[in-house]
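For the protein sequence lines, the chains are A and B, in the order given.
Heads up: the first sequence begins at 325 in the numbering used here, then just goes up one per residue.
Heads up: the second sequence begins at 325 in the numbering used here, then just goes up one per residue.
Honestly, I wouldn't trust all of these hints.
Unchecked claim - Using 27 Å as the maximum straight-line C-alpha spacing, the simulated BS3-like pairs for lysine-lysine come out as follows: (1) B:Lys-401 <-> A:Lys-662; (2) B:Lys-767 <-> A:Lys-767; (3) A:Lys-859 <-> B:Lys-971.
Stated by the list, open to error - Stretches of chain A that chain B covers, calculated by requiring three or more beta carbons in the stretch to come under 8 Å of a beta carbon on chain B: (4) 503–514; (5) 597–609; (6) 628–641; (7) 736–750; (8) 958–966.
Keep in mind the hints are simulated off the structure, nothing from the lab.
Remember, it's a predicted structure, so these values are computed and weren't measured experimentally.
Cβ atoms here follow ideal geometry from the backbone N, Cα and C, with glycine treated the same way.
There are 2 protein chains.
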Amino acid sequence: MSLDLFFNPRSVAIVGASREKGKVGYEILKNMIDAGFPGDIYPVNPKADTIEGLKCFPNLDSIGTAPDLVIIVIPAKFVPSAMEDCAKIGVKAVVVITAGFKEIGPEGLALEQKVSHIARQSGIRVIGPNCLGVIETTNKVNACFGGDLPIKGGIGYLSQSGALLAAILDMANSRGIGFSRLVSIGNKSDVDELDLIRSFGEDPKTKVIAGYLESITDGTAFVTLAEQISQKKPILLMKSGSTGAGAKAASSHTGSMAGSETAYGCIFTRAGIIRCGSIKIQFDYAQAFASQPLPKGPSVAVITNAGGPGIMAADAIEQQGLTFAKLSEDTIKKLAEKLPAAANVHNPVDVLGDALADRYQFALDVVMADPNVDTILVLLTPQAMTDATETAEAIVNTSKQKHEKPILACFLGAGKIRDGVKILRQGGIPQYDSPEGAVATIKAMSEYVRWKARPKRVVKLFSVNRRKVENIIERNLRASNREIGEMESKEILEAYGFVTPKGSIATTAEQAANIAKQLGYPVVLKIWSPDILHKSDVGGVKIGLTSAKEVMDAFDLMMYRIPKKKPDAEILGVLVQEMCGSGKEVIFGMNRDPQFGSLMMFGMGGTMVEVLKDVSFYLAPITQDEAKQMLVSTRTYKMLTGVRGEKGVDIDSIAEGLQRLSQLVTEFPQIQEMDINPYVVGPQGTTPVAVDARISVEKV
Amino acid sequence: MSLDLFFNPRSVAIVGASREKGKVGYEILKNMIDAGFPGDIYPVNPKADTIEGLKCFPNLDSIGTAPDLVIIVIPAKFVPSAMEDCAKIGVKAVVVITAGFKEIGPEGLALEQKVSHIARQSGIRVIGPNCLGVIETTNKVNACFGGDLPIKGGIGYLSQSGALLAAILDMANSRGIGFSRLVSIGNKSDVDELDLIRSFGEDPKTKVIAGYLESITDGTAFVTLAEQISQKKPILLMKSGSTGAGAKAASSHTGSMAGSETAYGCIFTRAGIIRCGSIKIQFDYAQAFASQPLPKGPSVAVITNAGGPGIMAADAIEQQGLTFAKLSEDTIKKLAEKLPAAANVHNPVDVLGDALADRYQFALDVVMADPNVDTILVLLTPQAMTDATETAEAIVNTSKQKHEKPILACFLGAGKIRDGVKILRQGGIPQYDSPEGAVATIKAMSEYVRWKARPKRVVKLFSVNRRKVENIIERNLRASNREIGEMESKEILEAYGFVTPKGSIATTAEQAANIAKQLGYPVVLKIWSPDILHKSDVGGVKIGLTSAKEVMDAFDLMMYRIPKKKPDAEILGVLVQEMCGSGKEVIFGMNRDPQFGSLMMFGMGGTMVEVLKDVSFYLAPITQDEAKQMLVSTRTYKMLTGVRGEKGVDIDSIAEGLQRLSQLVTEFPQIQEMDINPYVVGPQGTTPVAVDARISVEKV
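Make the full structure from the sequences, and use the hints.
Rendered as structure tokens:
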């Protein structure tokens, strides 16, 4: 069901409306009235005749019609009965402001479940409980106790923290930042972030979706929807509870488990969500996304009336990995013709301290027309002659006339630029209090553009022997084996098109030497025991054996030494395996996140990478492009392409391995965790080998 | 000479005082008067009788006494003659506001040199030219055209950009941030950052030194002084022109070369300077340093009236590497006794949305007394019942009574918290607009505390054969050799106590085999040519040779192949060298920065580190502690201590090698650049070997 009734109701009832100033039941009623809500408002309170001049009803029933939207502010224990009243008269949208539900413990949870039950039974959509309310600026709905109706604008906001929303409202008003809608989602008993993102996505007045989340209700659905919506409009999220300390606070706060940081990183990347580290950053970004066109490329030109801030902007552009625009010859010539001799006609264009609006206007027009420039940042410091107001007007006019390239402004100062800043804001020019903040915003816009232009997601399906894997997994699960043995793990890999080293198990030294002879030297010996997971830790791996004597010695030494280290381990023999060709070792992995599903991992092999924790994650199933992205996003990627004249390895074959693994773990949700380590890859055209694997399974 | 006359003059003359509003000569005079400057003000202007009621003088001479401070605002070409007037009557302090000097090119530079010449001859100290002026708040000196006298406070500010200073003044006034002094240093023809940092360091009213710099005049002197001053009070600097793009803008702006980013990183670390990435961050830090005590440790407790911001703060504390305080049992018990049942009595302490000032006060007192807590962050969001004003008063009172632990506040919002924020600011409680900003500040304070507590810098002096090195370097310089050959490089290393591999040069294959036999196998062969710097690139290194045959083959192959690759190289033979024991390879290096001297470099060996650019720099001479710090600050440091049961290497012997290198490059400024690569280091107690070295020298 659509959420339209929340944002565009013809009538609103407030159950628990109060005459007492300061009480929530009064404040919400007053806010609705003051907002100029054009529909009917029904205060419901058996103890009052009128409130603020409006006729008061003893109960919902007595209104005689079903209000489009009902706001409930009575104490928690009476909420279920109010919900029943709503159901009876056919109400379809309810906001429960009242706190005292899931967040206070088992007792509250039971009450909340009662409310949900009634809602589901009668098809009522519920926002809350334990929330601040709902705001829609165009339709003048201020069913919220956060203060005055905010300025109209293009930002739709949802917040899992009511208190934070209140602070945001307060800040936004003072900064002139406008909203289309704001929703405090409280305990999310029914309407959750997913419903709201969908609804905001469909709302033509909402240009940017922004929000603060502590948890996500349905991981998989969230990713799918967010990816669709991001393609249409940017989603800017603050997500807290990410680190250990924060997550602990989150669980004591909302009673919901916060997802792991890695998983959130993956889904935000996949879904194109722009993550914001603070409210300020979110405001910084939202302003620009809401009012400016997206940049066509990464190149930024700066216009300034002072050298210092120009340098600061140039530094920031370089640090963010954007391009410091090289102005065209033509631009430089034009600028030089009209600007004073002392001006800098290269980027950053310095129009000098005595620049009035006309000089800014001229420079802006010329730079705007330069094909080498994608985004323009205008800096202004208040100097003796500076006219911030007229300069702001010039910028606003240019932006309106030529709305092709984004223009951002950074007027530094306070009182002396205040009026100018007001004009910028009203004119849709995002204004920043530091060059660095503006440049970070340009970076976020560029990243979003890059994400939007990503190749279409086509997940390649390889032809595999699915039945075989199914049999192995089923057999292990029936035997209550959570860890699949090395031999069967390899069979699984082979069924999915991986090449694994040849080899067999020997139980005597002579047999080992025999197998080695058949495989051809050199060979590897590995201890063979279901109880030993980390073989090398107990001396259970010996590589590069080149003769029968070496094989037999190694066999006997393992058999003698390992039982001393691991007396309880059942040792079934020793695996004699062919030695792989030389190449680089990489690691593949998969971890199943309870909320978001399979997280694929890639990393370079070897201990140094372990020290660096240099791995990348991505949500399965992955495309070829994403598989390559996983490689590129490790710091050690260059090692694979070859350094210092060393030949590179076959990148495509690594990407293919990741895609095959992705298919395997997607088709078998029983696989909870797995590693292919090492995956040895040689130069272009050679076949990589999956040397070792670990697979854990569970019934699903 | 002290700069006292600039900050505490008894009389001020303004040469170029004007009656015309908007003119600099008027604005400065007006600012001096409005500031309430208690001394005499002498406007100098031959065309006026009085300005703003003050008697006007036709020239300096006619005043009849030498004013303590003269401000010059007349056109550039007249400035030298005004300077001569100053010299004649015995003026000792002059601020030249006028622009049109060094910054406009050769002509301006000549004029500036004239001014400097007069100043030096007559012992006049000059601030500027091309600057905004000077402010001292207690003595009511506002010899600046930046607007009203700012609020009194503990921050001393110096800026190399006048425009930026104007913006800062405007912002600071609106945020209630107070200053002791502000100086626009302009072209730094005489008084520079060093003079000002010294002067601010001695000024008891200045608690924090802050500034914006684009270049540093005297690198070595700066480091020495800044390190001394940092020990007394924190120095917070914005330094721009750091990246390529920024540096280019800097040189076109101020005509001064910006130092390299690496060098600035080194000197800031060494001198304990706190680097700020933006004006906002600088304000954030300066506020806290100016008014709060330093924390005793890294542990932070949070008090909040809303869950969301509490989680955000907890996340930020973890991300910054601070400690999220674990409250003592006693604290938890006390909090639980008086706070409502729904409150969170663990960190972050949630006093709930309906908390009034008394509840905040109580929680603050209890948490403050907890020995596990070093710093307290108080968060407030404006909710229905919230009283920001009284809460602010409670925080201010607590801070004043128990000024032992730093308290920072983050009141989120705008209008609803405005009065509260004002009280916080007046009461010396730093206020932040996001939990993240507050936590970043706590981090900066902790880092400063850690820096202050660093061990005393004692540079160890090894007994070395200095004479020998001197001879080698002199010999090479006489022969115009910039690159010292491998054999002599090793002699230099040995003279400074490094162990190098044994070996000699062979000119025939038989000779090579002979040398190898004497050294003992295995050996290494290296091509021997003054023209080949990167031997392995041309196949000029062959390691692990174990027999006469292998040695002779390798010799002949080099002699046959290398001349084809490098036809112009003069090949003197092949070096036959003993092969070093196994161990980890690290790299030492030194680069001489033209401004700051020798920058020591340390990194792990191998290509992966090259890909990662994982190296650390430090300014020579280094102490043992600093040498170890160089190791620890690489990301790959753990590789040296041993991972996965692998044995670690002798860390102390690496640190010693770095100290020996530091002594070498300090004692021989002729060495412009050098590498020891690899420096092979084995387990504890073994002697590391400096396998190869490259030394470039120059006459100094």
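Consistency of the hints with the structure:
no.	hint	in the structure
1	B:Lys-401 <-> A:Lys-662	holds (26 Å)
2	B:Lys-767 <-> A:Lys-767	holds (26 Å)
3	A:Lys-859 <-> B:Lys-971	holds (19 Å)
4	503–514	violated (count 0)
5	597–609	holds (count 4)
6	628–641	holds (count 11)
7	736–750	holds (count 6)
8	958–966	holds (count 4)
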